[in-house]
Structures are given as structure tokens and as C-alpha cells.
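Now for the letters of each chain:
2 protein chains.
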Amino acid sequence: MDQPAATTRPAPVNFEVDRESYRHWQVSFDGAIARVAMNVDPEAPLRQGYELKLNSYDLGVDIELADIVRRLRFEHPEVRVVVLTSGSDRVFCAGANINMLGLSSHAWKVNFCKFTNETRCEIEDATDASHQVYLAACNGTTAGGGYELAMACKEIYLQDDGNSAVSLPEVPLLGVLPGTGGLTRLVDKRKVRRDRADVFSTTAEGMRGKKAVDWNLVDAVYPRSKFDEKILERAKNWVEQASGDLAPGERKGVQLPALKPEVEDNVRRYKYVALEIDPSNRTASLTIEGPSAEDVEVVKKGADAMYAAGGELWALRAYRELDDALLQLRVNNLETGLVLVRAKGDAQRVLDHDAALVAAKDQHWFVREVLLHMARVQRRMDNTSRSFFALGDAGTAFAGNLLELALASDRFYLLDDPDNPVKVGLSELNEGGLPMVHGLTRLQTKLIGEVEKVEALVGKRELLDPEDADDAGLVTVLLDDIDWDDDVRIAIEERASLSPDALTGMEQNLRFAGPETPDSKIYARLTAWQNWIFIRPNATGPEGALTLYGRPERPQFDWNRV
Amino acid sequence: MDQPAATTRPAPVNFEVDRESYRHWQVSFDGAIARVAMNVDPEAPLRQGYELKLNSYDLGVDIELADIVRRLRFEHPEVRVVVLTSGSDRVFCAGANINMLGLSSHAWKVNFCKFTNETRCEIEDATDASHQVYLAACNGTTAGGGYELAMACKEIYLQDDGNSAVSLPEVPLLGVLPGTGGLTRLVDKRKVRRDRADVFSTTAEGMRGKKAVDWNLVDAVYPRSKFDEKILERAKNWVEQASGDLAPGERKGVQLPALKPEVEDNVRRYKYVALEIDPSNRTASLTIEGPSAEDVEVVKKGADAMYAAGGELWALRAYRELDDALLQLRVNNLETGLVLVRAKGDAQRVLDHDAALVAAKDQHWFVREVLLHMARVQRRMDNTSRSFFALGDAGTAFAGNLLELALASDRFYLLDDPDNPVKVGLSELNEGGLPMVHGLTRLQTKLIGEVEKVEALVGKRELLDPEDADDAGLVTVLLDDIDWDDDVRIAIEERASLSPDALTGMEQNLRFAGPETPDSKIYARLTAWQNWIFIRPNATGPEGALTLYGRPERPQFDWNRV
Numbered sequence: 000m001d002q003p004a005a006t007t008r009p010a011p012v013n014f015e016v017d018r019e020s021y022r023h024w025q026v027s028f029d030g031a032i033a034r035v036a037m038n039v040d041p042e043a044p045l046r047q048g049y050e051l052k053l054n055s056y057d058l059g060v061d062i063e064l065a066d067i068v069r070r071l072r073f074e075h076p077e078v079r080v081v082v083l084t085s086g087s088d089r090v091f092c093a094g095a096n097i098n099m100l101g102l103s104s105h106a107w108k109v110n111f112c113k114f115t116n117e118t119r120c121e122i123e124d125a126t127d128a129s130h131q132v133y134l135a136a137c138n139g140t141t142a143g144g145g146y147e148l149a150m151a152c153k154e155i156y157l158q159d160d161g162n163s164a165v166s167l168p169e170v171p172l173l174g175v176l177p178g179t180g181g182l183t184r185l186v187d188k189r190k191v192r193r194d195r196a197d198v199f200s201t202t203a204e205g206m207r208g209k210k211a212v213d214w215n216l217v218d219a220v221y222p223r224s225k226f227d228e229k230i231l232e233r234a235k236n237w238v239e240q241a242s243g244d245l246a247p248g249e250r251k252g253v254q255l256p257a258l259k260p261e262v263e264d265n266v267r268r269y270k271y272v273a274l275e276i277d278p279s280n281r282t283a284s285l286t287i288e289g290p291s292a293e294d295v296e297v298v299k300k301g302a303d304a305m306y307a308a309g310g311e312l313w314a315l316r317a318y319r320e321l322d323d324a325l326l327q328l329r330v331n332n333l334e335t336g337l338v339l340v341r342a343k344g345d346a347q348r349v350l351d352h353d354a355a356l357v358a359a360k361d362q363h364w365f366v367r368e369v370l371l372h373m374a375r376v377q378r379r380m381d382n383t384s385r386s387f388f389a390l391g392d393a394g395t396a397f398a399g400n401l402l403e404l405a406l407a408s409d410r411f412y413l414l415d416d417p418d419n420p421v422k423v424g425l426s427e428l429n430e431g432g433l434p435m436v437h438g439l440t441r442l443q444t445k446l447i448g449e450v451e452k453v454e455a456l457v458g459k460r461e462l463l464d465p466e467d468a469d470d471a472g473l474v475t476v477l478l479d480d481i482d483w484d485d486d487v488r489i490a491i492e493e494r495a496s497l498s499p500d501a502l503t504g505m506e507q508n509l510r511f512a513g514p515e516t517p518d519s520k521i522y523a524r525l526t527a528w529q530n531w532i533f534i535r536p537n538a539t540g541p542e543g544a545l546t547l548y549g550r551p552e553r554p555q556f557d558w559n560r561v
Numbered sequence: 000m001d002q003p004a005a006t007t008r009p010a011p012v013n014f015e016v017d018r019e020s021y022r023h024w025q026v027s028f029d030g031a032i033a034r035v036a037m038n039v040d041p042e043a044p045l046r047q048g049y050e051l052k053l054n055s056y057d058l059g060v061d062i063e064l065a066d067i068v069r070r071l072r073f074e075h076p077e078v079r080v081v082v083l084t085s086g087s088d089r090v091f092c093a094g095a096n097i098n099m100l101g102l103s104s105h106a107w108k109v110n111f112c113k114f115t116n117e118t119r120c121e122i123e124d125a126t127d128a129s130h131q132v133y134l135a136a137c138n139g140t141t142a143g144g145g146y147e148l149a150m151a152c153k154e155i156y157l158q159d160d161g162n163s164a165v166s167l168p169e170v171p172l173l174g175v176l177p178g179t180g181g182l183t184r185l186v187d188k189r190k191v192r193r194d195r196a197d198v199f200s201t202t203a204e205g206m207r208g209k210k211a212v213d214w215n216l217v218d219a220v221y222p223r224s225k226f227d228e229k230i231l232e233r234a235k236n237w238v239e240q241a242s243g244d245l246a247p248g249e250r251k252g253v254q255l256p257a258l259k260p261e262v263e264d265n266v267r268r269y270k271y272v273a274l275e276i277d278p279s280n281r282t283a284s285l286t287i288e289g290p291s292a293e294d295v296e297v298v299k300k301g302a303d304a305m306y307a308a309g310g311e312l313w314a315l316r317a318y319r320e321l322d323d324a325l326l327q328l329r330v331n332n333l334e335t336g337l338v339l340v341r342a343k344g345d346a347q348r349v350l351d352h353d354a355a356l357v358a359a360k361d362q363h364w365f366v367r368e369v370l371l372h373m374a375r376v377q378r379r380m381d382n383t384s385r386s387f388f389a390l391g392d393a394g395t396a397f398a399g400n401l402l403e404l405a406l407a408s409d410r411f412y413l414l415d416d417p418d419n420p421v422k423v424g425l426s427e428l429n430e431g432g433l434p435m436v437h438g439l440t441r442l443q444t445k446l447i448g449e450v451e452k453v454e455a456l457v458g459k460r461e462l463l464d465p466e467d468a469d470d471a472g473l474v475t476v477l478l479d480d481i482d483w484d485d486d487v488r489i490a491i492e493e494r495a496s497l498s499p500d501a502l503t504g505m506e507q508n509l510r511f512a513g514p515e516t517p518d519s520k521i522y523a524r525l526t527a528w529q530n531w532i533f534i535r536p537n538a539t540g541p542e543g544a545l546t547l548y549g550r551p552e553r554p555q556f557d558w559n560r561v
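Chain order of the listed sequences is A and B.
Per numbering that gives the first Met the number 0, the first sequence starts with residue 0, numbered consecutively.
Per numbering that gives the first Met the number 0, the second sequence starts with residue 0, numbered consecutively.
Treat the hints with care, as some may be off.
Just so you know, same-sequence chains aren't split out, so a pair can sit in one copy or run between any two.
No farther apart than 30 Å at their CA atoms in a straight line, the calculated lysine-lysine pairs in the BS3-like style are these [said to hold, decoys possible]:
{"#": "1", "residue 1": "LYS209", "residue 2": "LYS229"}
{"#": "2", "residue 1": "LYS452", "residue 2": "LYS153"}
{"#": "3", "residue 1": "LYS300", "residue 2": "LYS209"}
{"#": "4", "residue 1": "LYS459", "residue 2": "LYS188"}
{"#": "5", "residue 1": "LYS459", "residue 2": "LYS190"}
{"#": "6", "residue 1": "LYS300", "residue 2": "LYS188"}
{"#": "7", "residue 1": "LYS235", "residue 2": "LYS52"}
{"#": "8", "residue 1": "LYS270", "residue 2": "LYS343"}
{"#": "9", "residue 1": "LYS452", "residue 2": "LYS210"}
{"#": "10", "residue 1": "LYS225", "residue 2": "LYS210"}
{"#": "11", "residue 1": "LYS452", "residue 2": "LYS188"}
{"#": "12", "residue 1": "LYS300", "residue 2": "LYS153"}
{"#": "13", "residue 1": "LYS452", "residue 2": "LYS190"}
{"#": "14", "residue 1": "LYS459", "residue 2": "LYS210"}
{"#": "15", "residue 1": "LYS452", "residue 2": "LYS360"}
{"#": "16", "residue 1": "LYS259", "residue 2": "LYS209"}
Keep in mind the hints are simulated off the structure, nothing from the lab.
Small disclaimer: the values here were computed from a predicted structure and weren't measured.
Isolated chain A, as found in the complex (with noise of 0.2 Å):
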């Protein structure tokens, strides 16, 4: 099997878009309810060799998604209910390109799925946290991604034409799992029973009608003729629903400015964020810049400074240069398997400026949205498969929100020298406001184990010295100036040196210490059968179910269970 992704290097993709270049989508408004509708260009796909027949998706598709979904958010916070639908007359939507699954390569059908069910993620998120309520529309076939992501809205209205159904086909028809989020979702978000979503599931035709309202795999089912009408109808009663408890300011969006870093060979330097990779060692440097005197002054002034500061806000800024430079290093850099994560700066002053965005989050939207937005690029992080040393050496400021990213981090070695001792700090951003996709914060979950250690950190403001900050539970090695270079430098040949497959078992198995949610387990469970599935030549082997899709063969199965 051609495989493009792995054997040449194809050209790095690129997650910024311009809002007024969509290819596949057609957004537009009417008062508080945006329009979203699939239209997907079967000329344009990201890479070469397939065509996007049917409203089906690549990555590109997504990363246009996934940008509305953001932009949305931040530049139209008037929108209370987002109308999920299709262009096309007859099909909804017909799930990920399988063309595109047949050519690839495991890592890029992996990264694929994980962008995937990390917009999924987010359209829960601002549905629930923003009162921006998705409506799946399903004017159409609506099958297998297709389904996974109206999953990801509220309610499913599905057109009753005789022929408009909702299914799962990915098992019957290509011998892998509907692997974005939509067994989850099935059982434990739509709560449909076991037995029904195994049926459901294993029949390629998928269901409609009654039938479909019945089992709860969608919320209900219109005629075409009134399909439109009813669709306005149950916008504008949520519009009514999701307006109740909104946060206050002004409801006129803030634009999402292009972060255009400058790009070099192995560099790609944004204003606060720099990541560097160092191929000979497969490892890159990730260094956000913390915020300034004048940053820290702005949010000092409130919650009107920071809306007028808008998208040059350096807590909205820094994170969207964050995310972007997370999704270079998981999709473009590939042979990276250590990051080395150090946030510089003044810590007392990143204490300050979290002190001013924390107090004025009930007092307007958009410091609510920045503060949402910063901890889904902290789940961005901790759901990266590489490994993470931060490393607190002079200069660095690893407090508050920037503590978050040691806190995400595998490991965090801070120097301790008694002349010049580096500061760490808590926030009330450690406490609660940035969860990690279990529920938890990051601190509650490193001391998991020493509730009293929280307990004792919690509420404390006061910068704390290396020696204490160690005591605290917080550091993984505590070196002095003495060790450190020669210390740190052997951890990363050690770490560089290991299977990257066990790594990525590994982190994913200890970072997520404690309770488990729906979204946790789609990354947990559903994904981590789903990546072994994809490597089963029963799947992906020369006469697996989904090379052959659509060819005139039969899959030939090796029927052994494992």
C-alpha cells in the first residue's frame, strides 16, 4: 500500500486559517443563530490521491471546523445557538474520507483522529461553558464521522425522507472503529443502551425513522417539507433556553488576528512563543514569553482594558501561539520525541496578572472565553504524545498559569542556586480554573496521593524558594548549579534514547491519575483500541477491510480473537 504521508515528507500543514477563505464550510448569521453548513470542495483535499466525494472529511475540513467553532466563540459572542447542517441536498455528511484513511500513514490516521475529536471536544465545550448550543441539522445521509459529529451537538434533528439515516458503518464496512468519539458518545453521552449501540453499530444501512428516535440515536425526526421550519423553531427555542445566564459586556466580537510567526528552518518564532526542534536529538525547546510589565497593567485596569486589548491580549495571544506551535510539533515534526518546555519571565508578576483575570472573569464574556481558551490548550498539552521535560533554570517563571506547563509536563527540573533563586508560585488558576479532561486540576492530580500537600498549597500566594517548592510536592528533580547541566543533559539522552511507541503508553497511562469522564475515556479507551485496530492487517493489511473498501474484493480476515 502507497503510504505518502510516511515515506516523503510531505509539505507541513498549516492550522492557521483565514476566516475569509473556507473552502468547505458556509457560516452565516441571522441574529443570535449562526448557520453552519458542510460543503465540502471534492477538489480541495489537504494532500494529493483521493477526492472528498459526499461531504466527507480530511484534516483540512476539520481545521476549518475547528476555527469556526474558535472564531465563533471569540467574534461572535451574539450567536447562542449554531445550526449545524449540510450544503448539500442529500447527504448530511459521510465521515472521514476513506481514500484518505486507505493512503496514510498510523501517525497521520492517529493525528488526524485525535484533531478530530478535539474539535468534537470543543463544540461540547462551548455549548456547555459559552451557551453557544450546537444543533445537529441532518438534512441527509449522515454516517459514520458524520454521525460522530452531530454526536458532538446537543440535539440530532434528522430528516424523515424514506431515506435520510444516521449510522455507524466503520465495523461492518471497514473493520475499525467509529473511533472519533462515537461509541463513546453513544453509551455514555446519548446513553443509548449497550445492546441497541451494538446493533446500531454493526449494521451498515444504519437506522431511521421512529425507529431512531426511539433508541435515542437522534432527538427527533422532521418531513422534508417541514424540516427548515421545525429546524428554526427548536433554534429559537434554545436561543431562549441559553441566554439566561450569560456573562455581562458588550456582545460585539473580538477578531482573532493571524499570529503569521516567522519561520525558519527549524525555528518558528511567534511574539511570546518560540519552538525550536533539534533534529540531531529529537528533541525541540518550547519557551513562552511571560507577560510584561504592560501586559500585567492592562488586565490590572479590568475587565474593559482586556476587551479593548481583544486578541493582542497576551493571555489569549500567548495560548493561541501555544496551541499553534502544539499542533506543529504533533503533525509536522514527527521525530521529536522530547520537548523541552521553559516559561521565562518575572513570577511575581505572572501572580499579578492571573490575580486581575481570575477576578474579573464573572465580569465580562470575553475574559470568561480567554480563560476557557487557555484551559483547552493546557488539555491540548497534556493529550500530546511527547514527552515533556519543564525546565526551571535562571530566568524562568514557572507560576500560576505557566506553572500549569510543568504541572503538564513528564518531568520538571528546577535549579536550585541560593544567589539567585528561581521562583515558583500558585495562582487561583491552579486551583480549579484550567481542569485537565478527568475533572481534576493538574496539582490535585500529580498529589493524588498527599491531599494535605494540596490542602497546604492551596490559597498560598507567596512565592515559594526551590528547597520549597521541592517540599511542596511540586518538582520532580531539585538540581543545583553545580549538577544541572550535566544532570539535565543525561536525562534527555536517556529519554531520547527509548521506544517512542512505550513513551507514548507510558505518559498516556500516568498522566491522567484518578477518575475518568466521557471525553477522557475517548481518548483513553476508545482511542487506544482504535490505534491498535488501525495496525491489524485485518484493518490496514493488504486484504484488510479498509484497503479494500470500495474495491471489488472481499476482505480476507485473520479470525483468530485476541
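Based on these hints, arrange chain B on the given structure of chain A.
Chain B alone, transformed into the frame defined by chain A:
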């Protein structure tokens, strides 16, 4: 790489063990304290091609351990503390045998890991539910699976001799995970900080002495000269603590008789259970005979009569047979994809049986053990990667504890014959006595979105006609006599045509709606990642770390992170 287990059909594995003929373990008793010493015979591997050096284990070693753990609960109810130690002088346990893993097929590795995981969960179940507290006395090197075994114990004591260490060297040495619960127990059970867990799991030589205690990797270290004395002291302390809340009844053991099924070519016939393999369509028929009128009489007489019946009590014997049949299916019948489950007998009789059993559960330790055993066997079924269809045709009695088999199945087909209605019914055992691994009942899990249906069923003790059972949400497909044969046949044929890998992944994701527990995380998150890693070239390819372990060549990794 040579894969004997995959390419030739090896002799079937026998899971029944004669306690007089353990090859690898020594069991001795001193009042309430049992000593279980691992002393693996290197010359007695289960399969040919490797030696079990350094107290390393294979499936054969673990089958004996599982037998010991089970017999201790039934045959030695006087035991309050089990000291798990080594009969060797310098090695507690070196973990799973690497050469065995290197020689094994993927299916064999997966089945091996699943069984050993279940044994470790049973150790925890004995500790928590039966007050048989396991203490690990690590009198030597405790590596990999050896440390995972120790972590299944309530406490871990390590000999402080300058040499003995605990370690998880899988990631650095083998390129695979500590997949027998290791990573999960590290952060979720022992609640080791995730960054320390990261350091520990990538440090091949492990940790010892004070640091091992400080990091909570072990509970205490004792010098070699005082080790036995200290262990005895701790054990006596636990005997006292574990003697407080014991179930009543004479503490004289109940022997577990050999099951001795009749075995023909494709049939395995026990007293109450029959397993018939149909290789032509890759299905198996699994039939369990419900309690007879005489069986119910015994139970109705109360705890003492049940105790007198001992190993021949229906609820114990039938479930031991079912357990053995499930293990046979898993390990010796890889090509069987679909299991057709029938519970035969009289539904009212099953409910009478369950009512009497539950009424006596606080009256005798033996009754309690019988119920705990039933629960474990049901969980083994939940975790068996085969499709299960429960077939409720004429003569079946899916009621009470046997209804759990239908609720554990992926689908439940029920015959709707008004002339001769097949009854279904609930006992108290459907409402909490036989919980799934994630803590919910199977009823709660199936009807997770319909709490009102669960509430309507709870406490209902009248038998239900098929249509009422269907209305109650218990049935997947209700079929009349005319449709039954064809519809069931088609469903079986369809199921048997699907990719076995996709079905395994799908079922794992649909069966466990709701919360997760550390145990469920082991089977879902950890195991799924390990399965993925087991088939990655970086582990098992010709130049993979697992393949090359012990050879002079260094593994060659594909450095791409996925």
C-alpha cells in the same frame, strides 16, 4: 521471528490444577498466616522453547497462583494474612519471562496478560472482600511483573541489603509497558506522583532503600537480618486488623473438587455447563443448566446446608464450570468469534434459589464466598473478547443470576411465544450482588439512560412475560416463533462475517458505559495501549526491543511519535 503458538496448534491449556502437584509455588500455614513462596521450576515451562529462570513466570506459573488464591478463600477460611514471598535466595520475582513473550503470538501475549491481570485483581478482591490480606515480602530483586504482583498486595516490604530493588524496566529495556496493571497501580492505587512514576518507570535498575519508601513504591524496607522477623510482626498486626468484621460460620475449609469435564473433539461437557464448538461457522454454544428442584431445596435449608453441600453446591460448581469454559474459549478456541449463550431450567426456581442464597449471605462465610466467586466469573465474561448472544428460546430461564448472562451478552434475543411464554425475572442478585468491574450493576449499565426503567424493575420479583420483559428494556430483539430461526441465523451469520479486531474494540467500548475504576482502567486504558505496543515493530519487529532482548544487538527504533 518464530511464533509457535500462532503457526502450529499447540496442546490445549488446562486451567484446572491439582493442589498436590504445584510445580512453582510452596504453600504453608501457621494458624491465620499463610506463606505462599514463589519458587519457579526453570525446567517446567508451559510451552517449549524457554527456561523460567530467576523466578520469572509464564501462564503455567500464574494458573497455579490463581488456583492458590481461589483455594485459600474456600479451603482455608482461617487464613487472614497471606505472605507472598520468594523461595529463592536473591530474587523475589523477575516478572514475566521475556523469552516466552518473544516467542509468543500476539493472541497468546494478550491472553496471558489478561489472565495475570485477573489473578492480581482477585488478590485485591480477597484482601478487600474476604479479609485475606496479601502482603508482599520482597526478599530479593522485584522486577517488572514481579513488582506488579507486589503492587497487587496490600503492602510491600522490601529487603534492604544494598542490592534488592523494585523496578519496572519494561519501557527502557523491552520497549513495552508494565501492562499487568503496573502503570495504573503506580499512580491510581499507590498514588505515586506521576512525575516520580515517570522517572521510576524509565529507570531500568529501579529503586531501593529510603527513596523507595519516600516515593511510596514500597511501604517499608527492613535489613536482611531482621526481614523475616519484621514480616512476621507485620503479618500478626494484620491478622488482628483483619479479624474484626468477619462473616460467621465454622472456619473449616470447603474443598473444591476437580471439575473433570467429559471432553470430546469439539465438546466439553461439565455437570451443569456444556461448551460446544462449531468450527464451521466459528461459533460456540455455551449452555448452563440452572438449579434443579433438589438444588433449590438445599439452598432453602439455609447456610449450614449449603456449607454441607460445599463444592457440589450448584452456585459454586456451576460457576466454576462456567469460569473454566470461558478460559477454554479464550485460550484454546481462538477462532470462535461468537458465543451463543443459553441458560436452561425453570425461571421461578432460579429466583427461589437466589432469594434463599441472598438471605443467607450474612450467615456464613461460605455463602459470602460463593457470591463473591459468582461475581468474579461474571466479570470474566464481561472481559472476554468474544461476541455473546444470549438466546432465550423455549426451555431457557434467564432469571436472577442467570439473567446476568443475558445482560452481560452483547445482545439478548427472546422468543415471544404466547402459548408457551419464556419467562424472565429479577432477583436481588441483579441489583447489586454481582457488580461489574466499574462498580455498576449490569442492569444499571444497560439502562444507563433510563433510570426510571431501572427503578421500576428494582424489587420486582414476579416473572415477566416476554413482551413485558421487552417493555422493561431487558431484551434486544423480541421474535415470534415464525421469525426466530431465520432471524437468529442471519444475525449469527452477519456477526461471524465481521472483522474480529473491530468487534473486540467495539465490544470493549460498548460494554462499560459509565464510570471507570482503577481495575477497569487496567483492562481498558492500560491494556489497550499495551495491545497496540505489542504489535508495533519497535517492540516486536525483527529489530524491536522485545525481540532483541538478551541479544547483543541494539534495537533499531522508528523514531516517529504517533
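Between copies, within a copy, both or neither: which fits LYS209 and LYS229 at Cα up to 30 Å? For LYS209 and LYS229, the Cα distance is within 30 Å only inside one copy (17 Å; across copies 69 Å).
Regarding LYS459 and LYS188, is the shortest C-alpha distance of 30 Å or less found within a copy, between copies, in both, or in neither? between (38 Å within a copy, 28 Å between copies)
Can you give me the call for LYS235 and LYS52, within, between, both or neither, at a CA distance of at most 30 Å? Classified as neither: same-chain Cα gap 32 Å, cross-chain 72 Å, threshold 30 Å.
Regarding LYS225 and LYS210, is the shortest C-alpha distance of 30 Å or less found within a copy, between copies, in both, or in neither? within (20 Å within a copy, 70 Å between copies)
Is it within, between, both, or neither for LYS270 and LYS343, if the alpha carbons may be no more than 30 Å apart? within (13 Å within a copy, 72 Å between copies)
Alpha-carbon proximity context of LYS452 and LYS188, limit 30 Å: Close across copies (18 Å), not inside one copy (35 Å); limit 30 Å.
Between the shortest in-copy and the shortest cross-copy C-alpha distance, which are at most 30 Å for LYS300 and LYS209: within, between, both, or neither? neither (56 Å within a copy, 51 Å between copies)
Could you place LYS452 and LYS210 in one of the four classes (within, between, both, neither) given a Cα distance threshold of 30 Å? Between copies only: 19 Å across, 53 Å inside.
Between copies, within a copy, both or neither: which fits LYS452 and LYS190 at Cα up to 30 Å? between (38 Å within a copy, 13 Å between copies)
From the Cα coordinates, with 30 Å as the cut-off, is the pair LYS452 and LYS153 best called within, between, both, or neither? Result: close only across copies, 23 Å inter versus 39 Å intra.
Homo-oligomer pair classification [LYS209, LYS259; C-alpha up to 30 Å]: Classified as neither; 50 Å inside a copy, 52 Å across copies.
Please sort LYS459 with LYS210 into within, between, both or neither, judging by C-alpha distance up to 30 Å. Cα proximity of LYS459 and LYS210: across copies only (28 Å, versus 56 Å in one copy).
In summary, the numbered hints that this structure violates are 3, 6, 7, 12, 16.
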